[in-house]
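Trainee: These protein sequence lines map, in sequence, to chains H and U. Just so you know, we're using the numbering used here here: the first sequence kicks off at 1 and counts up by one. Just so you know, we're using the numbering used here here: the second sequence kicks off at 1 and counts up by one.
The hints are simulated quantities; they were obtained by calculation from the structure and are not laboratory data. Be a bit skeptical, because a hint or two may be false.
BS3-like mimics (lysine-lysine), calculated; alpha carbons at most 30 Å apart, straight line [said to hold, decoys possible]: (1) K260(H) with K134(U); (2) K245(U) with K19(U); (3) K221(U) with K134(U); (4) K67(U) with K261(U); (5) K221(H) with K19(H); (6) K456(U) with K134(H); (7) K461(H) with K205(U); (8) K15(U) with K245(U); (9) K67(H) with K15(U); (10) K260(U) with K456(U); (11) K261(H) with K19(H); (12) K134(H) with K205(U); (13) K134(U) with K456(H); (14) K456(U) with K106(H); (15) K134(U) with K261(H); (16) K134(H) with K461(U); (17) K216(H) with K205(H); (18) K456(H) with K67(U); (19) K15(U) with K216(U); (20) K245(U) with K205(H); (21) K216(U) with K19(U); (22) K106(H) with K261(H); (23) K205(U) with K205(H); (24) K261(U) with K216(H); (25) K19(U) with K134(H); (26) K261(U) with K313(U); (27) K261(H) with K221(U); (28) K261(U) with K456(H).
Computed list of chain H residues with no C-beta within reach of chain U, every gap over 12 Å [said to hold, decoys possible]: (29) A61; (30) S325; (31) N333; (32) E466; (33) S494.
Where is the CB? At the ideal position from N, CA and C, for every residue including glycine.
Here are the chains, one letter per residue:
Protein chains: 2
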Amino acid sequence: MSTASLPSTRILNPKLERKIMSAETAAGLIQSGDQIGMSGFTGSGYPKAVPIELAHRIADAHFRGEKFQVSVFTGASTGPELDGALAMAGGIHLRLPYQSDPETRKRINAGEMDYMDIHLSHVAQFVEYGFLGKMDVALVEVAAILEDGRVVPSSSIGNNKTWVDCADRIILEVNSWQPLALEGMHDIYYGLEPPPNRVPIPLTKPGQRIGTPYLKVPPEKIVGIVLTDSPDRNSPFKTPDEASKRIAGHILEFLGWEVKKGRMPANLLPLQSGVGNIANAVLFGLEEGPFEGLTSYTEVIQDGMIGLLNSGKLTCASATAFSLSPEVLTAVNANMASYRDRIVLRPQEISNNPGIIRRIGVISMNGMIEADIYGNVNSTHVMGSRIQNGIGGSGDFARNGYLSIFMAPSQAQKGTISTIVPMVSHVDHTEHDVQVLVTEQGLADLRGLSPRQRAKLIIEKCAGPEYKPLLADYLARSEQLSYGKHTPHLLTESLSWHNRYLRSGNMRPREES
Amino acid sequence: MSTASLPSTRILNPKLERKIMSAETAAGLIQSGDQIGMSGFTGSGYPKAVPIELAHRIADAHFRGEKFQVSVFTGASTGPELDGALAMAGGIHLRLPYQSDPETRKRINAGEMDYMDIHLSHVAQFVEYGFLGKMDVALVEVAAILEDGRVVPSSSIGNNKTWVDCADRIILEVNSWQPLALEGMHDIYYGLEPPPNRVPIPLTKPGQRIGTPYLKVPPEKIVGIVLTDSPDRNSPFKTPDEASKRIAGHILEFLGWEVKKGRMPANLLPLQSGVGNIANAVLFGLEEGPFEGLTSYTEVIQDGMIGLLNSGKLTCASATAFSLSPEVLTAVNANMASYRDRIVLRPQEISNNPGIIRRIGVISMNGMIEADIYGNVNSTHVMGSRIQNGIGGSGDFARNGYLSIFMAPSQAQKGTISTIVPMVSHVDHTEHDVQVLVTEQGLADLRGLSPRQRAKLIIEKCAGPEYKPLLADYLARSEQLSYGKHTPHLLTESLSWHNRYLRSGNMRPREES
């Protein structure tokens, strides 16, 4: 992808135009040991040319018996040209804060790559505070560079402001595939000083703009500009299955009930929904539901949210990135200008900011791997040790939201895994942060309940039919025999379901013969 | 404690003076099934007369074979006249959000009382949002009632504003033991509307006042006023032991290092420290240390903080309550006016507000029961099931602070319990929220580390010498045999240390003969 010789209409500043180089040359500006802040949040707005060339360089070095590894910080997950390529080359020393690439996941779980799973709202400030070491390079995809040097961001913001502010040297990828109509959609807030000089972030409504649409990139730090013309890559959309639709149905019914009881305005409160098919099913459910004048304050704009914007049910959406299926993306890119008043893309330190989430009262809806009978949630680790993706922003939203909802089908892997277990094998969200649990079986409203009351309700409402009596049995025996009876547990068997699965591939107990 | 006939100089409003009644009469205004918001945060500012009379009423009803129970919400823990008396009478249906009373704890862990452990910052808003049901009664200790009906709060604020705002009827205890010089020390913020109408809380410095020194109590809701003259009751102070001093030493050394590396200003950032002797040891260490111009933004004013104020090292302290030993309390009460410019008492929805804690960059220091090799922290449950006190505000501070430090001696119960374990038996603070772990053995700075790196460092720096090789052995075998190697675990033995303790009273493995 060497396009350095082509003239570019995306770089209007003549001085910066002179910094155009090939991706290979730009990758040559990166040294082993560098800590690199890359753009990218889900399959949107990540650099698409330089990481591949960097992976080549790293592979070459390894062929020659030389060490070459870099640390890669991003917004969240990225595409195969970034995570996949660098992981395959064995080029990543430390990766953070979130990933969903199969090759990356494989290496992390083989113990071959260090990965640090961080609340998405923590990343920018930890870097600015100097907690994560010096940022050597910022490698950021953008949509265009204006005459005066201001930069039009790409289809995600993530931590780009922080990478550009903190890195010693900057490489930009200017991707002409990104629609120029993105200009004006972003809102980069430049008022967040580190303590003790922080002042209140003035945001009070999801659609409010508090910053500037442009990324400020100091020209003297730019060491290279690479031209690309490459699409974002997000997963295709799956039509919601029956379980997802039932989960969505339970949530909509519950929200209706909350409105009826006066605990929520008729147009609800700003919606956050995690990435994925269940989240999309909820959004599609809202499209057919009774609520009007909705808003969202979330991480990513998914297919379902575009549907809600198109139908007029959603008046505005705030996020840090697009995360659209190829079909919907094509339609949105063709009409990007029509969404500019209704979509705001922000840095993730704002989209995921605990203070703002609490202030505007976000309704937080996130998926989970498993929950235990007391409502502790595992979002990240299969069988307690194998990381799936990462905690992402779920903690930012769940603890600070007006309401915190976690959802998943009651069973996985053809019923060999129960989502509801006696004790989760890893905790990402403690009982204190989980107010509502939903599976296709039903919804457990845990507000105001003690642990034993929670356990009874979760088993009754959420567990799959096969596992329900087993959980009830565990709880009953725990209530008799537990050391303490506030949160009754039998520690000799609290993780036995996971052990059984690891031994036999099935959480169900086998009949003894 | 029937003092209704005495004239009172603490009630300057004649209309309200007519509502004075005996504690017994006031207790008669409470019905079985009532949900009562009571004042009290640690042993400060809790009602001291009506709860005892209520306990008598409840006991009488039980003697007659009648049901009588109430739900009791407070700021945090209280004194024996409240929690102890009501628990002994079997009078509590549901208790929240924090307790430390031996009788209460006993009943909760016997499965006889429902207790809900909540982040202290969540309580007020959950009640205001209607998530925890209707508040029937507010029972609040105050220092005085002014001519115009405004109320001078007592030695703690906690959730009093919320109780008074939300309850149908209000009973005030006017405690003449509380110094009148408390007037002007409080700062009650009345700007916190529920979403979608919340605006930024304007607080940017620990000592800043953003509200009014008086509690607004609608006179028409006051159904009774009871006069008391009873002391607050907090635990006596223990001189820091050797382990606490060493923990304090490690933390001070670390903070000095952070200043030297430019990651913190020379006067540090606002300090939060949990309740207890280790926290006090840190504060005493600061008194002898090199830092000047300190501030604190915390839950309680402890002995050590008074020492720092007296020495001039601490310029101001923000909290929601006093929590002083009897000796120090006597001295402070005698000189309360001299502290009025330097101490601010706030509602706990402000003292513990995540957005403010993050904004002003609090250094969070909290105790723990145990931590695992990956840095997950258990603050509440002994052996996973038996609740000690509660999570309190530790989650509010740990996740949102500039830095989150957890501390405890490396061993408990004469070495039969290791504070560092393979896997915690209950999680209150996930690995994502724990940046620094400290025991008397040393300090582990976990920033920027992957789980396996964290494990090596925690074992090396924090574990007790006897348990260190056992933990290293667990980690080494887990790194070989674990299902996933991101967070290696052997689930068949991850909780075996706790099981061994429950079986034998000792986490140490016995020599097989």
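Trainee: All the hints need checking, so say for each whether the structure fits it.
Mentor: Consistency of the hints with the structure:
Proximity of K260(H) to K134(U) is assessed by CA-CA distance (about 16 Å); at most 30 Å being required, the pair is judged to hold. For the hint linking K245(U) to K19(U), the alpha-carbon distance of about 51 Å lies beyond 30 Å, and the restraint is violated. Restraint check for K221(U) and K134(U): the C-alpha separation of about 15 Å stays at or below 30 Å, so the hint holds. Under the criterion of a C-alpha separation no larger than 30 Å, the hint pairing K67(U) with K261(U) is inconsistent with the structure, at around 63 Å.
Between K221(H) and K19(H) the CA atoms are separated by roughly 11 Å; this keeps the pair inside 30 Å, and the hint holds. Of the supplied pair hints, the one linking K456(U) and K134(H) holds, its CA atoms being roughly 23 Å apart against a limit of 30 Å. As the CA atoms of K461(H) and K205(U) are separated by approximately 46 Å, the hinted pair breaks the 30 Å bound. Of the supplied pair hints, the one linking K15(U) and K245(U) is violated, its CA atoms being roughly 54 Å apart against a limit of 30 Å.
This hinted pair does not check out: K67(H) and K15(U) have alpha carbons roughly 83 Å apart, beyond 30 Å. A hinted pair counts as satisfied when its Cα atoms are at most 30 Å apart, and K260(U) with K456(U) qualifies at roughly 26 Å. Restraint check for K261(H) and K19(H): not satisfied, since their Cα atoms lie roughly 61 Å apart, outside the 30 Å limit. Pair hint K134(H) plus K205(U) holds up; C-alpha atoms about 29 Å apart against a cutoff of 30 Å.
Only pairs whose Cα atoms come within 30 Å are accepted, and K134(U) paired with K456(H) is accepted, the gap being roughly 23 Å. At most 30 Å may separate the alpha-carbon atoms for a hinted pair to count; K456(U) and K106(H) meet this at roughly 22 Å. For the hint linking K134(U) to K261(H), the alpha-carbon distance of about 12 Å falls within 30 Å, and the restraint holds. About 25 Å separates the Cα atoms of K134(H) and K461(U), which keeps this hinted pair within 30 Å; it holds.
Restraint check for K216(H) and K205(H): the C-alpha separation of about 24 Å stays at or below 30 Å, so the hint holds. Proximity of K456(H) to K67(U) is assessed by CA-CA distance (about 24 Å); at most 30 Å being required, the pair is judged to hold. Distance hint between K15(U) and K216(U) is fulfilled; the C-alpha atoms sit about 16 Å from each other, no more than 30 Å. Taken as a hint, the K245(U) and K205(H) pair is broken in the structure, with Cα atoms around 48 Å apart against an allowance of 30 Å.
Annotation: proposed proximity of K216(U) to K19(U) holds, straight-line Cα distance about 17 Å (limit 30 Å). Proximity of K106(H) to K261(H) is assessed by CA-CA distance (about 48 Å); at most 30 Å being required, the pair is judged violated. Between K205(U) and K205(H) the CA atoms are separated by roughly 25 Å; this keeps the pair inside 30 Å, and the hint holds. At roughly 27 Å between alpha-carbon atoms, K261(U) and K216(H) fall within 30 Å of each other, so this suggested pair holds.
For the hint pairing K19(U) with K134(H), the CA-to-CA distance comes to about 66 Å; that exceeds 30 Å, so the pair is violated. Distance hint between K261(U) and K313(U) is fulfilled; the C-alpha atoms sit about 22 Å from each other, no more than 30 Å. About 24 Å separates the Cα atoms of K261(H) and K221(U), which keeps this hinted pair within 30 Å; it holds. Straight-line distance between C-alpha atoms of K261(U) and K456(H) comes to about 52 Å, which puts the hinted pair past the 30 Å bound.
Look at A61(H): its CB is around 23 Å from the nearest CB on chain U, clear of 12 Å, so calling it non-interface holds up. The Cβ of S325(H) lies farther than 12 Å from every Cβ of chain U, with a closest approach of about 29 Å, so its non-interface assignment holds. Distance to chain U confirms N333(H) as a non-interface residue, since its nearest Cβ pair spans about 32 Å, more than 12 Å. Against the 12 Å criterion, E466(H) stays outside the reach of chain U, whose nearest CB is about 22 Å from its own CB.
Annotated as non-interface, S494(H) brings its C-beta within 12 Å of a C-beta of chain U; the closest such distance is 7 Å.
Going through the hint list in order, the structure does not satisfy hints 2, 4, 7, 8, 9, 11, 20, 22, 25, 28 and 33.
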